[in-house]
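Those protein sequences? They're chains R, Y, S and B, same order as listed.
If you count the first sequence from 1, you need to add 106 to reach my numbering.
If you count the second sequence from 1, you need to add 106 to reach my numbering.
If you count the third sequence from 1, you need to add 106 to reach my numbering.
If you count the fourth sequence from 1, you need to add 106 to reach my numbering.
Quick caveat, the hints were computed from the structure, so don't treat them as lab data.
The structure displayed is predicted, hence computed values, not measured ones.
Hints should not be assumed to be uniformly reliable.
Treat identical chains as interchangeable: a pair holds within one or across any two.
Claimed, not checked - Okay, derived cross-link-like pairs now, DSS-like style, lysine-lysine, Cα gap no bigger than 25 Å in a straight line:
{"no.": "1", "residue 1": "Lys401", "residue 2": "Lys319"}
{"no.": "2", "residue 1": "Lys391", "residue 2": "Lys401"}
{"no.": "3", "residue 1": "Lys127", "residue 2": "Lys320"}
{"no.": "4", "residue 1": "Lys402", "residue 2": "Lys391"}
{"no.": "5", "residue 1": "Lys127", "residue 2": "Lys319"}
{"no.": "6", "residue 1": "Lys244", "residue 2": "Lys409"}
{"no.": "7", "residue 1": "Lys244", "residue 2": "Lys402"}
{"no.": "8", "residue 1": "Lys244", "residue 2": "Lys127"}
{"no.": "9", "residue 1": "Lys391", "residue 2": "Lys244"}
{"no.": "10", "residue 1": "Lys401", "residue 2": "Lys244"}
{"no.": "11", "residue 1": "Lys320", "residue 2": "Lys244"}
{"no.": "12", "residue 1": "Lys409", "residue 2": "Lys391"}
{"no.": "13", "residue 1": "Lys127", "residue 2": "Lys391"}
Listed below, chain by chain, are the residues.
Number of protein chains: 4
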Amino acid sequence: MTEEPIMDIAHLGHLELLTPKLDESLRFFVDVMGMTESGRQGNSVYLRAWDDYERYSLQLTASQTSGLGHAAFRTRSPQALQRRVAALESSGAGIGWVENNLGHGPSYRFRDPDDHVIEIYYETEWYQAPPELRPALKNQAQRFPARGVNVRRLDHLNCLAVDIRANRIFFETYLGLRLTEQIVLNDGTEAAMWMTMSNKSYDFAYTRDHYGKKGRFHHVTYALDSREDVLRAADIFLENGVYIETGPHKHAIQQTFFLYVYEPGGNRVEVANAGARLILAPDWKPIVWTEEERKKGQAWGLKTIESFHTHGTPPVED
Amino acid sequence: MTEEPIMDIAHLGHLELLTPKLDESLRFFVDVMGMTESGRQGNSVYLRAWDDYERYSLQLTASQTSGLGHAAFRTRSPQALQRRVAALESSGAGIGWVENNLGHGPSYRFRDPDDHVIEIYYETEWYQAPPELRPALKNQAQRFPARGVNVRRLDHLNCLAVDIRANRIFFETYLGLRLTEQIVLNDGTEAAMWMTMSNKSYDFAYTRDHYGKKGRFHHVTYALDSREDVLRAADIFLENGVYIETGPHKHAIQQTFFLYVYEPGGNRVEVANAGARLILAPDWKPIVWTEEERKKGQAWGLKTIESFHTHGTPPVED
Amino acid sequence: MTEEPIMDIAHLGHLELLTPKLDESLRFFVDVMGMTESGRQGNSVYLRAWDDYERYSLQLTASQTSGLGHAAFRTRSPQALQRRVAALESSGAGIGWVENNLGHGPSYRFRDPDDHVIEIYYETEWYQAPPELRPALKNQAQRFPARGVNVRRLDHLNCLAVDIRANRIFFETYLGLRLTEQIVLNDGTEAAMWMTMSNKSYDFAYTRDHYGKKGRFHHVTYALDSREDVLRAADIFLENGVYIETGPHKHAIQQTFFLYVYEPGGNRVEVANAGARLILAPDWKPIVWTEEERKKGQAWGLKTIESFHTHGTPPVED
Amino acid sequence: MTEEPIMDIAHLGHLELLTPKLDESLRFFVDVMGMTESGRQGNSVYLRAWDDYERYSLQLTASQTSGLGHAAFRTRSPQALQRRVAALESSGAGIGWVENNLGHGPSYRFRDPDDHVIEIYYETEWYQAPPELRPALKNQAQRFPARGVNVRRLDHLNCLAVDIRANRIFFETYLGLRLTEQIVLNDGTEAAMWMTMSNKSYDFAYTRDHYGKKGRFHHVTYALDSREDVLRAADIFLENGVYIETGPHKHAIQQTFFLYVYEPGGNRVEVANAGARLILAPDWKPIVWTEEERKKGQAWGLKTIESFHTHGTPPVED
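Chain R with its partners taken away, still in its complex shape (with noise of 0.2 Å):
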């Protein structure tokens, strides 16, 4: 019999964004984006998204370049917890634990093979809201919003990493993640991988980084509940001025409706929907692209823009 899959890691809980202009990075998502601030502590502001169970599920810190400040996954439960940073100390990859953490316990922090910063918790804060912001139907977190492009909650994070493979080979053995689909060029290098740890097709994805350059940062997504949210997200863009990378288009590769644009910080943001598409199967065979495959571009024919394979937070100095 094969071993049983490791099934610790219940979702993404949380991503800290760095923005060198807070007020306007916060402007965008609150504004634009439709989120709620839910808290601020030092440098940082607090948000959510209207069904985001927890208290949030973005930081914005305040600093001098922009790039994910950590990122931030909840295990099912306390034990769970306790095995994976038993497997994490045994990585030597830790880093140690946090207390203190606004809207959650504590939390066990550790460096990917690329060196962005992770960390993994249990205890939570569900979010009360607050009397003005009560929804009608007492299944959801909070009222609809029906503000700019109302994002429903935190999807999935894109990082760069300059070895895949690695990162990929890291996250399957010491947090029990599962690959989905993945990039393999003709010399049999990987060049990106997508990362599943619930029932959606993925909850991360590791592109590797054109510069060769550790740590950064490649986009954060928010789910929507349509195509036509994501079309007439373009048209809310549009209309406040902020710029539009690609899309709305299909990609090939998990069949994402896909909209790219950035915040005021420089973070590349995307909204996106996935229809009605989960991966249920538990043994779930990773779907393997070619470079060929690539080169045909998105689902109906896009060409991918060259910003999408350069551009990352931080910049790069050239």
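Position chains Y, S and B against the provided structure of chain R, taking the given hints into account.
Frame of chain R, contents of chains Y, S and B only:
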């Protein structure tokens, strides 16, 4: 520390529906629902939606009456199957192993407290599309049919039961399934329950049988990608003379965008969309709906139609 | 040869709605419907949808009761205005010219056979968006607001009337409007009519007043771009505590995808979508619906709610 | 007072497309586009979309090459037809009357300044659906096919021309059509025009021929009900191996949500949606786009693909 969640059941695999009008039911599922025949054996025809990864999700069986033949859940691993079989054997509800199943390996059958027959299995046959049904994108099981309603994948099942609480405890105890929403009446009795084995907000529901009769079936649901797809389905059902019972509208419970019709054999069939809503929290607290809340009708005020409370299959002789 | 069609009336221009709760009505139209205030004069506030090309399409007037102040049609040319005024003067229904209108030139007012006040005018003020409301695309009147329901443009109006046939003949004879659909009861009397002055399948409708009272108003309708937009509007009305009377559902007549609510002043308001449906035929043959056909309910089987037949504004004293 | 608008042309009636691969083109329009064959005569097959009220909107004619056979406009009345024929005869562009047309009465043919053949007619055959294609709702021409892309109705046509200004003046002068948008280059020459005869924002467009060759065809467009329908069409084209040239995306000009493909005969075909956008103003002021504005690409930033400027039918011999 609390007990860890049991993750042994991966997803709803398929349903066997009984029909006194096999040919007409088959035409409905193929021509109107847009499903594909993928096998025949004995009195049964096997059908699949275009995004089902297994060989089939629906077994239509010629019978003297309508109703549920059996439902099937796929386990997460061979070991998970063994663990659940051991638990079920201890429950006294076990029926025993069934070999030689079309499309999947050995299954262990049992009866829930309401006498519905359910099986669990692990080994399965992944669907291999013949050349004319091969999709353009390799991460998809089958070509999008562009015929009729084009249902995407099996979503959930709804049974009637005499004792909802007993069924809830049974599925929690022996299969480790999780309650996400329920109706509790003023007298404290449970009138309906929605349970999940995945990140979907429910994989099946049980509602109290109006006639106090055991083993009856309420409906099977196939997922569509958007609410617009559900509306278009209503147009198509209308054009094809299919009886529309109620909808499209939005349930307050689970917020599903629903549409119910009767297939020619008499069984209720739903097409539905949940948007980007998922239950990601590993410690979701069940939402409890009261009698008063239920009287408000559906989310946007539609009063629940009488037949929705009474019609089940097989029909009850008056 | 048959007589040539009269093309003198170009489109529905605006409506004046009376409300006993001006402030609350205003908040509803601005915050929930997503309209923009574009003028104030006397007891009236003027409002516009983002794609209305004229300065406003709705005049809200503080009043002791609810109902229609007046409706206004724009003519195709100055000559067309003169021709229609001459015809109306010959009809005996004329009231006379009104000068000094906010937002448009002189208008000629008349009473339809049911005593609703209607005006026709040609000269109009094209909306000039202030800098903060200027759209990104120059072929659009105003920035998409991304607030609330985001109604696009005034679509149609529905009045109650005692004698439908008399009203139909009046509008055909003196204004050259065209009947596209109607309800004719078994006793041969006309119970409802839908008339057009454009390629829209109707610009207004009249339905028989349940109480036999003259001059009452049934609803005003704003157009949205898709059925999904109407569904989202239902979500937003629910969140804002707006009373939803019926819908979303599809009318059999005209196939409009509808949703009816009551604004705080008591007037019924609809948001609707017609898809790509247009009446392009210059010789469209009116569709006649019988009593039996109407009993089938709406397109997908929804039974028409009782209040839809009885509620009008101003309310009738019992 | 200014001159009154001429309202003699009611709408675009049909197109004749030439194809060197009649059988393959026919399969494309029937199986993929979801159209219905409604006649055969000589080398032509006649096709219709489900909401076209006339017998057909597309005549496919076997030919040695591709391109436009002719386009046809329906007049508003018999008198309107006579008036326009008189005007065309005075223009010197007239060809003469054609009798014995399948599906419509006598038509008068003429050449626009770029040598495209166009006809005008009034008498027409309303489509009578055979029993198996009869719709459930009597205000609809034909049953919704639920097959392929399900195009709703003919929307518009786009021709290439050498002298855009000459063509604009011709259609304004002799047919009374109205310009809604245009491109004027820095040197003052007109590079493209969009003209309307209805409340649609355009019924045809002409763009400058890259090769300076007369009489060529750019594309024919069928309307769909929503942007989601256009996205689904892209999925279906992909599955059927149809060449997708560009889109789905939103044009800045006219704000059309577009998708362009090539049918097997080489002609470009568009499916599109305009939402609830209509030109209701009888005195619409044409929107003028400059060279700089055009360089920005489409509404959401997509760069216009090179072949969109060069590919026309028949192809130009290099």
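We went through each hint and held it up to the structure:
In the homo-oligomer, the alpha carbons of Lys401 and Lys319 lie at most 25 Å apart inside one protomer (24 Å), although the nearest pairing across protomers, at 34 Å, exceeds that limit. Taking the shortest Cα distances, Lys391 and Lys401 sit within 25 Å of each other inside one copy (23 Å), while across copies they are farther apart (45 Å). Within a single copy, Lys127 and Lys320 get their C-alpha atoms as close as 23 Å, which meets the 25 Å cut-off; across copies the closest is 55 Å, which misses it. Only within a single protomer do Lys402 and Lys391 lie at most 25 Å apart by alpha-carbon distance; the minimum there is 23 Å, versus 43 Å between protomers.
Taking the shortest alpha-carbon separations for Lys127 and Lys319, only the intra-copy value of 23 Å comes in at or below 25 Å, while the best inter-copy value is 54 Å. When the C-alpha separation of Lys244 and Lys409 is checked against a cutoff of 25 Å, the pair qualifies only between copies, where the shortest distance is 19 Å, while the shortest distance within a copy is 44 Å. Proximity of Lys244 and Lys402 under a CA criterion of 25 Å is satisfied inter-copy only: 13 Å between copies versus 46 Å inside one chain copy. For the homomeric pair Lys244 and Lys127, neither the shortest alpha-carbon distance inside one copy (36 Å) nor that between copies (30 Å) is at most 25 Å.
In this homomeric assembly, Lys391 and Lys244 come within 25 Å of each other (Cα to Cα) only across copies, at 12 Å, whereas the closest approach inside a single copy is 38 Å. Taking the shortest alpha-carbon separations for Lys401 and Lys244, only the inter-copy value of 15 Å comes in at or below 25 Å, while the best intra-copy value is 47 Å. Proximity of Lys320 to Lys244 under the C-alpha cut-off of 25 Å is found in neither arrangement, the shortest distances being 44 Å within a copy and 31 Å between copies. For the identical chains of this complex, Lys409 and Lys391 are neighbours neither inside a copy (27 Å) nor across copies (37 Å), given an alpha-carbon limit of 25 Å.
In this assembly of identical chains, the alpha carbons of Lys127 and Lys391 never lie at most 25 Å apart, being 42 Å within a copy and 38 Å across copies at closest.
Of the numbered hints given earlier, the model fails hints 8, 11, 12, 13; all others are met.
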